[in-house]
Amino acid sequence: MEKPPEITDDKILTYIRNPNSIDLGFRLLLEKYQERLYWHIRRLVTDHEDANDVVQNCFVKVYKSIGNFQSRAKLYTWLYRIATNEAITFLNKKAKKQVSSIDEEETNLSNKLQADPFFDGNAAQVILQKALNKLPEKQKIVFNLRYFEEMSYAQMSDILETSTGALKASYHHAVKKIERYFSEVQI
Amino acid sequence: MKKTDKDIKKELEEIAPSLAKLKDTGPDFTVPKDYFQNLTDDILSKIGREAATGSKQEKRPPGLWEQISAWMATLFKPQFAMGLAAGVLLMIAAFFVFQTEISNKESVVVQGDLTEAEIADYVALHIDDFDAELLIGLFDDLDDPAIYPSIELEDQELEEAVEDVLNEMDLQDLEELL
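So the protein lines, in turn, are chains A and B.
Sequential numbering of the first sequence, starting at 1, is according to the working numbering.
Sequential numbering of the second sequence, starting at 1, is according to the working numbering.
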């Protein structure tokens with residue numbers, strides 16, 4: 001059966017701006033974006049429970065501030081920006097609580113992924129997660145958006161407010177670092 | 001597949017062929033069963049709970065300390081503090097101005113700018129406010145012709161006046177007088 005066409009952002013915003021249909025509008029927004037934003041956040045925070053908390057907080061924030069959303073920006077850009085900020089804030093708070101060395105972190109991540117009931121990745125995918133964990137924050141976000149979410153540089157530029165040239169360079173650096181990590185681990 | 005997706009795959013194959021191959025393997029992360037089916041309702045309930053908590057906090061009347069703190073905070077805002085300081089300065093200035101005017105008025109009275117008639121009217125109106133010694137002191141001046149000029153009477157007028165006084169007096173008063 002053919003999938004019904006996806007509702008447009010303009011239609012969702014029209015519902016949200018009408019006090020009589022705001023709940024319907026927000027439900028439609030959730031149905032359209034919750035899964036995408038969940039995976040975006042999950043790729044950054046790794047753990048499902050953490051991703052679940054962050055995605056819920058993210059949409060609470062969206063609900064509270066949707067009235068201030070300016071039509072000049074694209075809805076998905078705005079949502080991705082909020083989700084990215086929420087995930088980074090969460091990771092920074094978590095990092096402050098943890099006091100461990102880089103080697104310990106690597107071992108912890110490996111053990112965590114093996115024990116995680118919501119991680120079905122093979123050995124190569126575990127290595128990929130470890131390599132991603134070593135990347136600087138911005139490179140990790142750029143790599144995730146391009147590699148997993150297959151986003152164009154123009155879309156990424158809107159979300160991250162960075163030039164496409166800088167994003168291309170960032171992505172290439174990230175890919176090269178990951179490839180190098182793979183070759184080091186397999187030796 | 002969209003054009004962008006093809007470009008992404010091609011780009012990856014060129015710079016990191018091993019990563020491009022890894023991309024074709026199955027998903028690594030999973031979610032609990034029916035997670036996305038329930039997520040919408042979970043988020044909407046969380047929003048509802050937060051809204052309820054928020055409105056409860058809004059309805060709670062502020063405590064005494066919160067009221068005092070708010071009042072102090074308002075008072076010490078720059079615009080209010082400036083206004084307050086200006087008000088105090090005005091009050092001090094007004095105090096000095098009025099003090100000077102009052103002392104000026106007092107000195108006018110002391111200098112005797114009031115006429116004798118004005119003083120006499122004032123005394124007549126406020127006779128009860130003066131004590132006896134002050135009034136006696138006032139009558140010491142009766143002999144002073146400058147203040148109280150003597151009344152000149154004709155003999156006939158004098159005789160009539162005496163006769164009136166005698167008529168008004170009874171016999172006992174007259175005996176006591178003589």
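Just so you know, these hints were derived from the structure itself, not from any lab.
Some hints could be false.
As the list claims (entries may be wrong) - Example chain B residues on the side facing chain A (calculated, C-beta under 10 Å, incomplete):
no.	residue
1	D7
2	K10
3	K21
4	F29
5	T30
6	A94
7	L166
From a predicted model like this one, the values you see are computed outputs, not experimental measurements.
Note that the Cβ used here is the ideal one computed from N, Cα and C, for glycine as well.
Structure-based check of all given hints:
1. D7: Holds - the Cβ of B:D7 comes within 10 Å of chain A, reaching about 8 Å at its closest.
2. K10: 12 Å, violated
3. K21: Because about 9 Å separates B:K21 from the closest Cβ in chain A, which is inside the 10 Å limit, the hint holds.
4. F29: 6 Å, holds
5. T30: 5 Å, holds
6. A94: At 49 Å from the nearest chain A Cβ, B:A94 fails the 10 Å test, so the hint is violated.
7. L166: Violated, because the Cβ-Cβ distance from B:L166 to chain A comes to roughly 108 Å (cut-off 10 Å).
In summary, the structure is inconsistent with hints 2, 6 and 7 from the numbered list given earlier, while agreeing with the others.
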